[in-house]
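Participant: Single-letter residue listing:
Number of protein chains: 2
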Amino acid sequence: MHLFYTPDIASETYSLNEEESNHCNKVLRLKVGDAVHLIDGRGGLYVANITNISKKKVELKVVSKREGFGKRNHHLHIAIAPTKNIDRLEWFLEKATEIGIDEITPIICERSERKVVKEERLEKVATSGVKQSLTAYHPKINAAISFKDFIAKDIADDKLIAHCISENDRSTITELIQPQGRYLILIGPEGDFTPKEIDLALQSGFKPVTLGNTRLRTETAGLAACFEVNYLNRK
Amino acid sequence: MHLFYTPDIASETYSLNEEESNHCNKVLRLKVGDAVHLIDGRGGLYVANITNISKKKVELKVVSKREGFGKRNHHLHIAIAPTKNIDRLEWFLEKATEIGIDEITPIICERSERKVVKEERLEKVATSGVKQSLTAYHPKINAAISFKDFIAKDIADDKLIAHCISENDRSTITELIQPQGRYLILIGPEGDFTPKEIDLALQSGFKPVTLGNTRLRTETAGLAACFEVNYLNRK
Chain A
757 MHLFYTPDIA SETYSLNEEE SNHCNKVLRL KVGDAVHLID GRGGLYVANI TNISKKKVEL
817 KVVSKREGFG KRNHHLHIAI APTKNIDRLE WFLEKATEIG IDEITPIICE RSERKVVKEE
877 RLEKVATSGV KQSLTAYHPK INAAISFKDF IAKDIADDKL IAHCISENDR STITELIQPQ
937 GRYLILIGPE GDFTPKEIDL ALQSGFKPVT LGNTRLRTET AGLAACFEVN YLNRK
Chain B
757 MHLFYTPDIA SETYSLNEEE SNHCNKVLRL KVGDAVHLID GRGGLYVANI TNISKKKVEL
817 KVVSKREGFG KRNHHLHIAI APTKNIDRLE WFLEKATEIG IDEITPIICE RSERKVVKEE
877 RLEKVATSGV KQSLTAYHPK INAAISFKDF IAKDIADDKL IAHCISENDR STITELIQPQ
937 GRYLILIGPE GDFTPKEIDL ALQSGFKPVT LGNTRLRTET AGLAACFEVN YLNRK
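The listed protein sequences correspond, in order, to chains A and B. Residues in the first sequence are numbered from 757 upward in steps of one, following the working numbering. Residues in the second sequence are numbered from 757 upward in steps of one, following the working numbering.
Don't take each hint at face value.
Intra- or inter-copy, both count: the list cannot distinguish identical chains.
[Said to hold, decoys possible] Below are the SDA-like pairs computed for lysine to any residue, each with C-alpha atoms no more than 20 Å apart in a straight line:
1) K991 to R926
2) K963 to Q934
3) K887 to E859
4) K887 to R973
5) K991 to L932
6) K887 to G947
7) K880 to N841
8) K840 to V881
9) K880 to R844
10) K840 to L784
11) K887 to C920
12) K812 to S771
13) K887 to T970
14) K991 to T930
15) K991 to R971
16) K813 to L759
17) K840 to Q888
18) K963 to D914
19) K880 to R973
20) K896 to D910
21) K909 to S960
22) K827 to G968
23) K991 to P964
24) K827 to Q934
25) K827 to R971
26) K874 to S902
27) K787 to S810
28) K991 to E931
29) K887 to N841
30) K896 to T970
In short, the hints are calculated from the structure, not lab data.
Take these sequences, add in the hints, and give me the full structure.
Facilitator: Pasting the structure below:
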């Protein structure tokens, strides 16, 4: 069944915006009476019927609703340095959304070549991942923040930092976390975190982790962490 | 140390091709006497010194060689339907190479919208992943083949097919494979394999697997399978 993302749904009836209406009408060629899926990004999965189609508006009536659809048993927050080529961060976001992530914070590090990120663009990418994976929870995209300000925050999650220095003294995520927990994982920029940033993180209670034997790009490292956490929490 | 991919290295001395020479000379601004890494894609990792730099040619002399560098304890072959948007297949290939894969075969399925793949382009993408991850093994890219012809082949590996039909009767990769094995995993096109293709695969000894709870795009499914196999074989 075709799926629409309707974060502002508030009643039994809903009208798709002009863009979605056009997609529904002209591209998907759906007709009055056809049923579609709606997700609100907060755990709600709806089945709705098309009640009216006009030039710029498709009207729907909700026939059933499920709460807490696809609810995960853990909370994963990845704070990742935006890649120089923004496409790489966007694909991380799309894939992480498909695999399962709750919160993403772009962190600007000393070695970050990119200092600016458009949150609204990241929102769109995450939404496309949400639709694709039919997960009813939309990940929270936080505003970009400097590494220093971010780790100074008081965050109660299991805190991990994936850096590339000194292979030997790091454990794997598997060795460090318990299932059904809340996790925060830091992923550095091209060129890695600076030793100063790593010290700062360790002082703030972050534990160093390795993501495996090969050297991974920033976005690949982020996805590897996302995969491992979801794997360890797989029901 | 800077790394060059030199699949045709055969002696103590080596000359970079014009493109690599230009990159080494003009972009990296390396000088005579500087040391670089070379990998041959067959497990050889070399340290070489620059002995001469001319306009279009950088000459190197090997000072040390390691065999079997980064050798994996298993063999992973993923046969995947090319995505309609080829970028998505290329992305899978780059990431799978970073994480660890031995062999990739594009399979043309009944529902494949894309029937043609440029192998030489895929070679380039894999090579960039090889350089990034400093893995001395270049994955083997096979020519595209029809699903039917592919599964008719006599392949001794553990054979798995990741399809999306009937959630209930499938095990996970973790439940089905042993570490240090040889694995072949089939990943379908947008729209999934046809029931006929799935039956054909099951008759040919493929076991159905699920990759988790969410609905994944073709390239994400391929990467999830790659992650899981490497995770289970992690030393």
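Participant: Checking an output row: K963 and Q934, CA cutoff 20 Å. Within, between, both or neither?
Facilitator: within (14 Å within a copy, 31 Å between copies)
Participant: With identical chains treated as interchangeable, where does the CA-CA distance between K896 and T970 reach 20 Å or less: within a copy, between copies, both, or neither?
Facilitator: between (30 Å within a copy, 18 Å between copies)
Participant: For K887 vs E859, is the C-alpha pair at or below 20 Å within one copy, between two copies, both, or neither?
Facilitator: within (17 Å within a copy, 31 Å between copies)
Participant: Under a CA distance limit of 20 Å, which applies to K887 and N841: within one copy, between copies, both, or neither?
Facilitator: Result: close only across copies, 18 Å inter versus 24 Å intra.
Participant: When Cα atoms must be at most 20 Å apart, do K812 and S771 count as within-copy, between-copy, both, or neither?
Facilitator: within (10 Å within a copy, 63 Å between copies)
Participant: My question is about K991 and T930: at a cut-off of 20 Å on alpha-carbon distance, are they close within one copy, between copies, both, or neither?
Facilitator: both (16 Å within a copy, 13 Å between copies)
Participant: What label fits K827 with Q934 when the C-alpha limit is 20 Å: within, between, both, or neither?
Facilitator: within (18 Å within a copy, 31 Å between copies)
Participant: Reference check for the pair K880 and R973, CA-CA at most 20 Å: within, between, both, or neither?
Facilitator: between (23 Å within a copy, 17 Å between copies)
Participant: How would you label the pair K787, S810 (within, between, both, or neither) given a Cα cut-off of 20 Å?
Facilitator: Intra 11 Å, inter 69 Å, cutoff 20 Å: intra-copy only.
Participant: Using 20 Å as the alpha carbon limit, work out where K887 and C920 are close: within a copy, between copies, both or neither.
Facilitator: Only across copies: K887 and C920 sit 16 Å apart there, 34 Å inside one copy, limit 20 Å.
Participant: Tell me, please, which holds for K827 and R971 at an alpha-carbon limit of 20 Å: within, between, both or neither?
Facilitator: between (33 Å within a copy, 14 Å between copies)
Participant: Measure nothing new, just compare the shortest in-copy and cross-copy C-alpha distances for K896 and D910 to 20 Å and report within, between, both or neither.
Facilitator: within (18 Å within a copy, 48 Å between copies)
Hint compliance for this structure: every hint is met.
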